[in-house]
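Q: Spelled out, the chains give:
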Amino acid sequence: MTKHTLSVTVENRPGVLTRVATLFRRRGYNIDSLTVGTTENPCISRMTIVVEGDDMIIEQVSKQLYKLVEVIKVVDITQEGSVDRELVLIKVKADNNVRADIVQIVDIFRARIVDIGRNSLIIEATGDQRKIDALEDSFRPFGIIELVRTGKVAMVRGTSEDIKKR
Amino acid sequence: MKLKGAEILMHCLEKEGVDVVFGYPGGAVLPIYDALYDSPIRHILARHEQGAVHAADGYARASGKVGVCIATSGPGATNLVTGIATAYMDSVPLVCLTGQVASSLIGKDAFQEADITGITLPITKHNYQLERTEDLERIMKEAFHIARTNRPGPVVIDLPKDLMAKVIDFEESNEGVSIRGYRVMKGVNTGQIISAAEVINQAQKPVIYAGGGVIASNAAAELKEMAEKCKIPVTTTLMGMGAFPGMNYLSLGMLGMHGTRYANYAIGECDVLIAVGVRFDDRVTGKIQTFAPNAKIIHIDIDAAEIGKNMAVHIPIVSQAKEALQALLPRLEAREELSEWHKIIGRWKDDFPLRYGECEAGRIMPQHIVEKIYDLTQGDGIITTEVGQNQMWAAQYYQYKEPRSFLSSGGLGTMGFGFPAAIGAKIACPDKKVIDIAGDGSIQMNIQELGTAVQYKLPIIICILNNHFLGMVRQWQGLFYEGRYSYTDMSHQPDFVKLAEAYGAVGMRITRPEDVEGALQEALQVTDRPVVIDFWVDREADVYPMVPPGESLFNMLGGDSDD
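Residue numbers (the working numbering), protein chains in the order written: chain A, 54 to 219; chain B, 461 to 1023.
Please note that a few of the clues may not be correct.
[As the list claims (entries may be wrong)] Derived DSS-like pairs: lysine-lysine, alpha-carbon spacing no greater than 27 Å straight-line:
{"no.": "1", "chain 1": "A", "residue 1": "116", "chain 2": "B", "residue 2": "769"}
{"no.": "2", "chain 1": "B", "residue 1": "626", "chain 2": "B", "residue 2": "689"}
{"no.": "3", "chain 1": "B", "residue 1": "626", "chain 2": "B", "residue 2": "568"}
{"no.": "4", "chain 1": "B", "residue 1": "756", "chain 2": "A", "residue 2": "116"}
{"no.": "5", "chain 1": "A", "residue 1": "120", "chain 2": "B", "residue 2": "769"}
{"no.": "6", "chain 1": "B", "residue 1": "747", "chain 2": "B", "residue 2": "769"}
{"no.": "7", "chain 1": "B", "residue 1": "861", "chain 2": "B", "residue 2": "525"}
{"no.": "8", "chain 1": "A", "residue 1": "116", "chain 2": "B", "residue 2": "601"}
{"no.": "9", "chain 1": "B", "residue 1": "893", "chain 2": "B", "residue 2": "958"}
{"no.": "10", "chain 1": "A", "residue 1": "116", "chain 2": "A", "residue 2": "126"}
{"no.": "11", "chain 1": "A", "residue 1": "56", "chain 2": "B", "residue 2": "769"}
{"no.": "12", "chain 1": "B", "residue 1": "601", "chain 2": "B", "residue 2": "464"}
{"no.": "13", "chain 1": "B", "residue 1": "832", "chain 2": "B", "residue 2": "893"}
{"no.": "14", "chain 1": "B", "residue 1": "646", "chain 2": "A", "residue 2": "126"}
{"no.": "15", "chain 1": "B", "residue 1": "861", "chain 2": "B", "residue 2": "832"}
{"no.": "16", "chain 1": "A", "residue 1": "126", "chain 2": "B", "residue 2": "601"}
{"no.": "17", "chain 1": "B", "residue 1": "665", "chain 2": "B", "residue 2": "601"}
{"no.": "18", "chain 1": "B", "residue 1": "665", "chain 2": "B", "residue 2": "803"}
{"no.": "19", "chain 1": "B", "residue 1": "601", "chain 2": "B", "residue 2": "568"}
{"no.": "20", "chain 1": "A", "residue 1": "120", "chain 2": "B", "residue 2": "646"}
{"no.": "21", "chain 1": "B", "residue 1": "646", "chain 2": "A", "residue 2": "116"}
{"no.": "22", "chain 1": "B", "residue 1": "568", "chain 2": "B", "residue 2": "464"}
{"no.": "23", "chain 1": "A", "residue 1": "126", "chain 2": "B", "residue 2": "769"}
{"no.": "24", "chain 1": "A", "residue 1": "120", "chain 2": "B", "residue 2": "601"}
{"no.": "25", "chain 1": "A", "residue 1": "116", "chain 2": "B", "residue 2": "917"}
{"no.": "26", "chain 1": "A", "residue 1": "120", "chain 2": "B", "residue 2": "525"}
These are calculated hints, taken from the structure and not from any lab test.
Hey, can you work out the whole structure from these sequences and the hints?
A: This is the structure we're talking about:
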């Protein structure tokens, strides 16, 4: 079982997300993460879906997605050269004794402090999933009060597309 | 031109060639029914929305056209659900129009509001909720297009009441349907066809496994040509009954759980399996790991998602069955004979024919009734079935000659389907004899449609194979639950003769084998009303052969030479 990243373009209409989510639930596929947002064309949205499964399951997922009338294109970008990013907000316990340590970690990860409370800091970071995981681990000893991850968004690299076209 | 939404709706239906709709009025569809009042479209008033949707389904299956039904919001719409799921599982083209509360009330839990687009999401090919009357024409075109093309299926359109009453400036559009995410599949991959032809030409023990896709794509003629040209035996699924003539010497009858022994043995032995318009359903394959274990499998289906869903295959061909067979035919070598293979199959046919116990004094065997129906109609009728033992006997003992002559809920297995489907079939094909082979359990699920059949003077014959049991479940309880007949005894039932007569239909009760033929003949003479024949049959007759669930096809119970 490996994780696959599917980039799915869909019509930007109400209900499309429900259709996709219903399909995953009904066929018993597991969504690791799902992000959705509009693209350069306001009529079209892009979903980045991370799903776990062997090749046969991923093929079924893709074919079943294609059967949805509002799904335009499904691409498994796991193998292709792609850039993927995730954004995380972490509220971490931070009294005066540890603030300096936290700031140091923030610098190392090229993250940012976006809110300062009396006893806590909110840190924002973007990166691929490994980096976000590492960041999370680094802050855990201080005490994570709240954490939210957006889930992965991804895009095929220009260079890979050029190679394909040739 | 200034038109109300409902008037545009009627206009669109007419443009799609709809001449009959099945429905049931209600508050939210009042504007639609008001427009229907002036429309040339015929409306068949069911007695329950489930009856309406099954009738539209039967109409679609019998005619090959899109069936249309109308129900009001809330309970009207939810009463369609079983029928929509039935059509979805069997790939039947339907357009279901549901009323909805006024736009301003949606989401407010208004009277008779139900989220029918949400409810039907997983059981429709697509669905819509109208947001602007201006979109109606486009949506109607799309809905019919989606319902009837590629792998057909049901489409629901939810129509808020205010948008049906709203008057807009309507200019008819000449634009065709254009949906970015939905293209009609055309053509076939020649490379795959060549590979398939090579494999078929080399085959020593080929079998064709044909299903509903052959009927849906009108490919029965091509299938017969291929089978006869290459001398390939053909077995059909329940949904494929009629795709190949049952009396043809190459026919193996049905395969699967209640298939013939020779069909299932042939699957076990074959070296090439040509699967056309099928989906390797569990009722067909039994234990999938041992299904056609020695065969190269060629799988032709219009739905790419069916390829490799249940069964890994060697040569997939994503195409309409008709197009694929047309492309294959010129590449196939005519065979004089496949003598060894046919000899083996011939021996199986001799040793393991379908068989059942003799009728004795006062004991009617249900299979005998089905055979008599075949004899008297010469296979020219349309048979609909309910679900359970009646359905299996109807599949086993009637020889279907042509497509669209056997209408049955194969995928969902919906009890109560057969009678309303017969109503739809009779409306579609008024010149054909339409016979519902029913059980005493199933028929009570939509018995209220007798009102409909009597109102429209439809001479449908309902043959109740009455064993006073929920027979198929009782059979399983007998085989797998030590005969503990938990709540399957249905001895308490209405007097079906009186019930028929109360509705204005003809009712008969037959309890002796010698009266079966006479009763059927009498029923076939009736031209102006439905006939209910309550056949009291052997209470504990079982359906054989049988592959126990999860077993391999060759592990069959019953129907062998020792019975």
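Q: Each of the hints needs a verdict: does it hold here or not?
A: Evaluated hints:
Taking the CA atoms of residue 116/A and residue 769/B, the gap is near 10 Å; set against the 27 Å cutoff, the hint holds. With a CA separation close to 60 Å, the supplied pair residue 626/B and residue 689/B exceeds the 27 Å bound. Under the criterion of a C-alpha separation no larger than 27 Å, the hint pairing residue 626/B with residue 568/B is consistent with the structure, at around 21 Å. Proximity of residue 756/B to residue 116/A is assessed by CA-CA distance (about 23 Å); at most 27 Å being required, the pair is judged to hold.
This hinted pair checks out: residue 120/A and residue 769/B have alpha carbons roughly 14 Å apart, not beyond 27 Å. Between residue 747/B and residue 769/B, the direct Cα distance comes to roughly 15 Å. Compliance with the 27 Å bound is thereby established for this hinted pair. Simply put, residue 861/B and residue 525/B have alpha-carbon atoms about 20 Å apart, close enough for the 27 Å limit, and the pair holds. For the proposed pair residue 116/A and residue 601/B, the alpha carbon gap of about 25 Å is at most 27 Å, so the pair holds.
With a C-alpha separation of about 24 Å, the suggested pairing of residue 893/B with residue 958/B holds against the 27 Å cut-off. A distance of roughly 10 Å separates the Cα atoms of residue 116/A and residue 126/A; the hinted pair therefore holds under the 27 Å criterion. For the given pair, residue 56/A sits about 20 Å from residue 769/B by alpha-carbon distance, which is consistent with the 27 Å threshold. The suggested pairing of residue 601/B with residue 464/B holds, with an alpha-carbon distance near 18 Å, which does not exceed 27 Å.
A distance of roughly 14 Å separates the Cα atoms of residue 832/B and residue 893/B; the hinted pair therefore holds under the 27 Å criterion. A threshold of 27 Å between alpha carbons decides the hint, and for residue 646/B with residue 126/A the separation of about 19 Å falls inside it, so the pair holds. In summary, the hint linking residue 861/B to residue 832/B is supported, as the alpha carbons are separated by about 16 Å, within the 27 Å threshold. Annotation: proposed proximity of residue 126/A to residue 601/B holds, straight-line Cα distance about 23 Å (limit 27 Å).
Of the supplied pair hints, the one linking residue 665/B and residue 601/B is violated, its CA atoms being roughly 46 Å apart against a limit of 27 Å. A C-alpha spacing of about 11 Å is found between residue 665/B and residue 803/B, which places the hinted pair at or below 27 Å, so the restraint holds. Taking the CA atoms of residue 601/B and residue 568/B, the gap is about 30 Å. The hint is violated against a cut of 27 Å. Our distance criterion of 27 Å between C-alpha atoms is met by residue 120/A and residue 646/B, whose separation comes to about 16 Å.
As the CA atoms of residue 646/B and residue 116/A are separated by approximately 17 Å, the hinted pair is consistent with the 27 Å bound. Under the criterion of a C-alpha separation no larger than 27 Å, the hint pairing residue 568/B with residue 464/B is consistent with the structure, at around 25 Å. As the CA atoms of residue 126/A and residue 769/B are separated by approximately 20 Å, the hinted pair is consistent with the 27 Å bound. Annotation: proposed proximity of residue 120/A to residue 601/B holds, straight-line Cα distance about 19 Å (limit 27 Å).
The suggested pairing of residue 116/A with residue 917/B is violated, with an alpha-carbon distance near 46 Å, which exceeds 27 Å. Taken as a hint, the residue 120/A and residue 525/B pair is honoured in the structure, with Cα atoms around 22 Å apart against an allowance of 27 Å.
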